[in-house]
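One-letter residues, chain by chain:
Number of protein chains: 4
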Amino acid sequence: MDKSILYKIFTDPIHGFITIPKGIVLKLVDHAYVQRLRRIRQLGIGYTVFPGAEHSRFSHAIGALGLMQRVIHSLKEKNTTITRAEHEAVLIGILLHDIGHGPFSHTLENTIVRDFHHEMMTLALMRKLNEEFDGALTTAIDIFTGQYPKTFLHQLISSQLDMDRLDYLKRDSVHTGVTEGSVGIDRIIKTMRIFQGNVVIEHKGIYAIENYITARRLMYMQVYQHKTVLSGDKLLEAIFHRVRDILHEGQNVFIPSPSLEYFLRENPSAKRGLTNTIIHHYLHIDDNDVLLSIKYWQEAKDPILADLSHRFLNRRFFRTSFLRKRLNQNDLEILKESTKKALGKLNLPSDDKAVSYYLFYDKLVNEAYRYENESIWILQDHTTAVEFSRASETGNISALTKAVVKPYVVHLKDVNIHNA
Amino acid sequence: MDKSILYKIFTDPIHGFITIPKGIVLKLVDHAYVQRLRRIRQLGIGYTVFPGAEHSRFSHAIGALGLMQRVIHSLKEKNTTITRAEHEAVLIGILLHDIGHGPFSHTLENTIVRDFHHEMMTLALMRKLNEEFDGALTTAIDIFTGQYPKTFLHQLISSQLDMDRLDYLKRDSVHTGVTEGSVGIDRIIKTMRIFQGNVVIEHKGIYAIENYITARRLMYMQVYQHKTVLSGDKLLEAIFHRVRDILHEGQNVFIPSPSLEYFLRENPSAKRGLTNTIIHHYLHIDDNDVLLSIKYWQEAKDPILADLSHRFLNRRFFRTSFLRKRLNQNDLEILKESTKKALGKLNLPSDDKAVSYYLFYDKLVNEAYRYENESIWILQDHTTAVEFSRASETGNISALTKAVVKPYVVHLKDVNIHNA
Amino acid sequence: MDKSILYKIFTDPIHGFITIPKGIVLKLVDHAYVQRLRRIRQLGIGYTVFPGAEHSRFSHAIGALGLMQRVIHSLKEKNTTITRAEHEAVLIGILLHDIGHGPFSHTLENTIVRDFHHEMMTLALMRKLNEEFDGALTTAIDIFTGQYPKTFLHQLISSQLDMDRLDYLKRDSVHTGVTEGSVGIDRIIKTMRIFQGNVVIEHKGIYAIENYITARRLMYMQVYQHKTVLSGDKLLEAIFHRVRDILHEGQNVFIPSPSLEYFLRENPSAKRGLTNTIIHHYLHIDDNDVLLSIKYWQEAKDPILADLSHRFLNRRFFRTSFLRKRLNQNDLEILKESTKKALGKLNLPSDDKAVSYYLFYDKLVNEAYRYENESIWILQDHTTAVEFSRASETGNISALTKAVVKPYVVHLKDVNIHNA
Amino acid sequence: MDKSILYKIFTDPIHGFITIPKGIVLKLVDHAYVQRLRRIRQLGIGYTVFPGAEHSRFSHAIGALGLMQRVIHSLKEKNTTITRAEHEAVLIGILLHDIGHGPFSHTLENTIVRDFHHEMMTLALMRKLNEEFDGALTTAIDIFTGQYPKTFLHQLISSQLDMDRLDYLKRDSVHTGVTEGSVGIDRIIKTMRIFQGNVVIEHKGIYAIENYITARRLMYMQVYQHKTVLSGDKLLEAIFHRVRDILHEGQNVFIPSPSLEYFLRENPSAKRGLTNTIIHHYLHIDDNDVLLSIKYWQEAKDPILADLSHRFLNRRFFRTSFLRKRLNQNDLEILKESTKKALGKLNLPSDDKAVSYYLFYDKLVNEAYRYENESIWILQDHTTAVEFSRASETGNISALTKAVVKPYVVHLKDVNIHNA
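Chains as they are written, first to last, in the working numbering: chain A, 1 to 420; chain B, 1 to 420; chain C, 1 to 420; chain D, 1 to 420.
Please note that the accuracy of each hint is not assured.
Only some residues are given here: those of chain D computed to face chain B with a beta carbon under 8 angstroms [what the hints assert, rightly or not]:
#1 Asp-12
#2 Gly-16
#3 Phe-17
#4 Lys-190
Listed next, the in silico PhoX-like pairs over lysine-lysine satisfying Cα-Cα at most 20 angstroms (straight line) [stated by the list, open to error]:
#5 A/Lys-8 / C/Lys-363
#6 B/Lys-27 / A/Lys-413
#7 A/Lys-150 / A/Lys-27
#8 C/Lys-325 / C/Lys-271
#9 C/Lys-78 / A/Lys-22
#10 A/Lys-413 / B/Lys-8
#11 D/Lys-8 / C/Lys-227
To be clear, the hints were calculated from the coordinates, so they are not data collected in a lab. Beta carbons: idealized from backbone N, C-alpha and C, even for Gly.
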């Protein structure tokens with residue numbers, strides 16, 4: 001049978017032509033659960049710093065699926081047995097790996113639903129789809145949850161070196177214009193093979209892995225943890241906290257999206273699992289609900305909510321200052337006082353409560369590579385695989401793998417951080 | 001003074017580093033009117049066909065501004081006199097050239113406001129900004145409207161070969177993955193010069209222009225007038241017409257966005273100018289208002305609205321069929337009957353009114369290059385400039401410049417167009 | 001069996017990873033006949049105009065082989081039957097398609113051997129290899145010469161749209177930096193299929209073909225027929241003619257390469273076929289022999305040879321002037337007189353003979369696309385294929401396909417062409 | 001004055017348009033000393049491993065000049081004072097920085113002239129040019145030799161982070177297809193500034209530097225010290241040693257290039273400086289002389305020379321084996337015996353002398369970054385600059401900066417290295 005009848009072809013700015021099998025995979029691509037990802041930006045508020053970072057989780061999902069096609073093709077050529085059913089299942093797994101994400105992904109993850117992690121939702125939605133498709137996703141779910149015997153299929157979806165990361169690092173690097181974060185996907189995929197049931201990298205691929213780890217580190221530093229991104233995240237959270245606080249005080253706020261209103265008013269927790277009500281409303285919200293609401297909140301009666309919303313939509317973000325050492329209680333008090341003064345000058349309320357929307361002390365952790373639990377394994381001599389940081393010729397490549405912890409403060413422009 | 005104090009640098013996936021002068025230009029970039037463009041996709045519903053086409057009119061505006069910086073730099077090196085004030089004004093002009101666009105740009109242009117063209121709004125908003133900035137945009141407005149004596153500044157913003165087109169052709173080509181649509185921006189900018197007050201291309205640039213015209217034609221055929229894009233456009237319009245018709249019949253529809261509700265209920269016309277009320281609400285709506293509304297309309301009581309909205313969000317678009325010749329009245333009647341039958345099978349209303357949301361007959365016109373009014377001029381011998389299609393060595397390059405008219409029908413899958 | 005044991009992987013700046021089957025194909029890659037192509041530049045003297053155009057016919061041959069792998073893979077997926085033996089043979093055919101080229105390819109083709117075309121040599125060498133490999137190239141030769149029943153295999157090697165052209169257009173475009181000449185290889189290969197035994201393009205690929213033809217035209221104009229390339233070609237030929245004339249007059253010239261000396265002294269003709277002596281010496285010469293000789297000829301006693309050689313190595317080329325109309329005998333006389341004067345000023349001999357090395361009148365012909373003999377066919381409706389220029393929607397795309405004839409003169413800087 | 005009259009524009013596959021000032025800089029570009037670099041490959045025998053690595057030292061010189069233009073432009077915008085004369089001089093310096101290179105650069109550096117380093121020749125040639133151009137290169141020479149007061153100008157030509165390295169890393173990465181070796185030139189140049197007279201990197205550029213160092217390391221491992229490159233280098237040296245030994249024994253060898261013959265017969269040393277005779281002949285030789293000679297040496301009477309030459313031109317290189325530890329005398333004896341046996345099987349002489357052309361024991365050292373003498377400095381707080389490996393947030397980025405020493409053996413395929 002002619003391939004063009006069996007496949008649909010997408011063109012992608014990152015990977016060129018992507019071939020998607022008709023049948024269940026294409027049906028899932030067109031399903032509302034997946035199409036919803038078109039309305040959730042991959043980099044959350046990253047687009048406010050990098051104008052080109054407007055890509056969605058949908059294009060990432062399609063891209064990761066494209067890479068999965070390529071790695072499966074390559075592994076088969078190296079005589080790894082992958083049945084037709086497994087091939088389809090692993091495509092489904094990678095396509096759906098992010099469907100549990102909500103508006104502004106990580107930023108609002110715990111603000112929208114308490115005690116929540118998006119992977120809970122991903123799994124819940126996969127199960128709903130499995131019902132809808134009469135059990136056709138069972139293998140995909142087993143692979144996704146790590147219960148399928150061929151572990152390497154899970155590793156291709158989720159590990160230190162999976163198709164998810166390869167796609168988003170490259171895609172984010174291109175869209176942000178941070179070209180140094182570019183990853184040598186072709187070489188990595190070409191040097192992947194299965195050894196004793198696990199994904200390993202052939203020895204000649206070791207420098208590509210070094211490069212991958214440095215590139216990843218660079219993307220964290222330059223993009224994911226960019227100062228302005230950190231401050232925008234805090235601003236977005238503050239807006240949501242403010243709305244909740246206003247509602248809690250019994251006052252009213254206009255919320256154009258009924259489903260978002262549900263989360264803001266009811267403040268549900270996922271501790272006892274995801275109820276059908278939570279899932280129903282969760283599926284209804286995306287970046288649009290948030291942005292539309294903030295647009296109207298610019299005109300809220302509450303001066304703090306109006307100010308925060310106006311700041312968000314006019315790019316008047318707070319400042320982020322990285323610190324050389326942790327702050328003590330006294331330092332924090334000084335910053336709070338300074339924030340109160342600044343709020344006063346802006347004709348905004350300046351009590352302790354108000355300060356909580358305008359001053360944030362936090363730290364960030366960047367672990368480029370952890371070798372305790374998940375690792376990248378390098379094949380040596382066809383008979384042994386060695387953990388990457390031990391295989392590397394530089395005695396201590398582990399330099400790159402050490403966690404870097406940075407305390408920081410997000411604050412109003414007029415608050416002088418050096419006084420603290 | 002150090003440049004880094006005077007400029008802000010953006011990274012862009014298409015053009016790399018873009019340098020934006022602080023002062024009024026950067027203030028305008030951060031202004032709500034311009035930031036609003038972040039929420040309007042450059043290619044309307046194009047992203048439903050090309051997963052990577054998620055870029056907004058904002059990143060296009062920044063990119064076009066970047067190109068303007070480069071062409072101004074190049075022209076100055078060729079001894080064209082451009083004062084500091086003119087330089088700033090032309091940057092403002094290109095930055096703001098699209099601020100009048102509304103949700104889903106061209107598709108809904110006349111659906112949202114009757115008798116409207118987005119350039120009316122662009123000009124209205126420029127004037128409001130001019131007031132806000134105490135007349136600092138006067139020169140920019142004069143250039144934009146073609147009233148400034150140095151015509152070439154207007155041509156750089158709006159002509160057959162302006163920074164607007166150069167940016168969007170390249171940007172759309174990259175994001176859609178249609179690499180053949182790529183335009184040789186560097187060479188075009190390097191060969192531009194001012195001759196007798198007008199933008200011309202040096203003779204050695206003539207092949208780059210030929211390439212530009214073919215690339216543009218290709219982008220029209222492969223992207224802007226892609227079959228699925230055409231059918232998605234019709235679907236989106238049908239949704240809006242349906243809502244208006246329901247409201248007109250006195251029934252109710254939930255519209256989450258108050259400003260969008262204004263346009264749907266009041267159905268204002270721009271014939272007598274843009275009132276403050278129109279402008280106020282227009283500034284409040286963007287793609288988000290539309291998408292959020294359609295999300296809720298999937299659950300509308302009205303079966304047609306629910307069906308159309310569900311189709312839109314689950315990518316169950318209509319079919320587009322290009323025709324070899326125009327349809328006559330009889331052909332159309334056959335198609336209408338066939339549509340009614342198809343609607344019946346879907347348990348949807350199947351009267352004439354219903355058909356009007358499910359069957360569309362239209363034609364598209366693709367003029368790659370018009371040489372009547374606006375032209376591209378090629379410099380010959382340092383003393384004369386010749387209109388491009390006459391300068392080209394191929395006797396009749398004008399082949400590429402002829403308008404192509406294609407009639408087409410957008411219809412339900414079950415309607416057999418070959419019967420007509 | 002593991003693919004890495006069966007294949008050798010090259011990395012290529014244009015196409016990325018290229019997979020070459022071990023066995024006869026890889027043996028041929030490493031054979032001296034093919035390795036010799038490393039010493040013949042793809043663009044002849046093009047590198048003197050475009051600094052990056054230093055690539056050889058070897059890297060082109062590898063690249064074209066890489067494209068052949070891809071198109072065969074794609075055609076097989078579309079259910080075209082291609083046996084393992086045919087697959088190997090067509091790879092051999094494309095790998096060897098240029099082995100008959102000599103130093104500076106087209107420029108010196110008829111200067112080195114009279115009555116010669118490089119394809120004669122290609123075929124002679126293929127036959128020698130066939131003997132050496134005990135008949136293993138028989139099918140490859142049949143395909144190459146068009147005698148194999150499956151015509152499409154020949155078309156993939158040699159036609160209006162073969163892997164040879166796709167590779168060199170793209171490769172030359174990248175190396176020269178003439179980015180507008182870039183061809184959408186991926187789309188062309190994806191839309192190729194076999195129809196009634198011939199290579200055709202699916203209808204959706206029609207714009208990619210239009211783009212291909214414009215790009216090709218642009219490469220001719222900007223690169224292959226660049227003014228300075230034309231003048232460098234004439235200079236190179238003049239050097240060889242001068243050496244032959246000196247030898248003919250019985251004087252001596254030092255020729256470091258014995259095989260090149262054979263051709264210069266013996267002036268062999270290929271009219272009666274290629275003798276073993278011709279083949280032996282031909283295989284011994286490449287760009288190096290020519291460049292090394294010219295280096296020493298800078299110090300020749302003969303003032304004309306020394307001047308021409310010095311010009312070549314110090315980039316003091318002649319001028320090229322394109323003419324609006326053909327020259328008549330009188331015009332030519334004026335130019336000759338003017339050349340004589342110029343030579344006198346340079347203290348060089350200035351007789352008629354001398355003029356023949358310093359003044360050239362010629363014309364160039366650029367046919368982007370010929371639709372008489374070879375054509376590109378577009379598939380319509382799954383049942384008919386239409387010749388491209390008739391399939392195109394623009395009534396007369398044939399504009400692009402008309403031959404352009406340009407007369408030109410190559411002359412000394414001091415010869416004023418406008419006097420003629 | 002119009003820029004197009006003052007500049008000549010080259011297109012480059014790596015950097016796009018490069019603008020070269022007319023006058024002395026362009027005259028030097030066209031000078032025979034610089035044009036000679038067109039005939040010396042940038043990566044020596046690297047092209048035998050990476051088919052695309054055919055670029056010459058000439059295109060590298062032009063590219064480095066292009067980068068110098070950009071960095072000077074950027075530094076001036078940051079208010080660094082660079083006079084017009086200094087600008088010209090630093091362009092000349094970078095253009096000429098490699099003119100002292102001979103055939104196959106580093107490989108044959110000490111084989112062609114004893115006690116020689118190519119920088120001696122570079123300086124000698126610069127001085128000759130300075131005479132020819134009446135002292136116009138004096139400042140350029142002072143900058144090149146580090147004697148000019150503004151040290152940063154020297155650093156831009158030669159330091160840990162100069163335009164030379166930025167160009168060749170990027171250029172080699174593209175031509176070899178080792179995309180992971182790509183360096184973020186734009187960001188590095190944008191973040192360079194002059195601080196207390198030295199080139200430093202602004203703090204925000206620190207990750208680009210990390211990336212630069214990893215990329216450089218990767219290029220060493222994957223390209224410059226590729227196994228096959230190492231073995232090809234040894235083969236090339238062996239050929240030259242064999243010719244010298246034959247001549248020394250009083251036998252004859254045909255050497256087509258008289259200047260190369262001079263070096264092979266006379267075996268001159270540079271210990272007492274570079275004589276005019278050495279310089280004269282050195283300027284006459286390039287890669288062509290070597291390749292042409294090897295071509296004829298395939299047919300030498302001497303069986304060893306014929307075998308080595310045949311191996312070189314037919315890519316039958318030796319094997320390279322990296323060792324886990326150094327070899328002792330006994331190990332070496334075993335390898336020698338094994339080599340003798342292998343030579344015997346090949347019907348080649350198998351005495352100790354013969355072994356010296358077929359067995360090599362060496363080690364390679366890869367220092368990605370040395371922080372003792374030359375360093376990269378990072379600007380912190382506008383008042384202090386810190387050495388890079390101390391500025392980096394990862395405690396011990398110095399991991400990347402440690403020298404890696406690897407012993408290796410180059411040997412015949414039939415010599416089993418594991419026996420040693």
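| request: If any of the earlier hints don't hold here, list their numbers in rising order. | output: 1, 5, 7, 8
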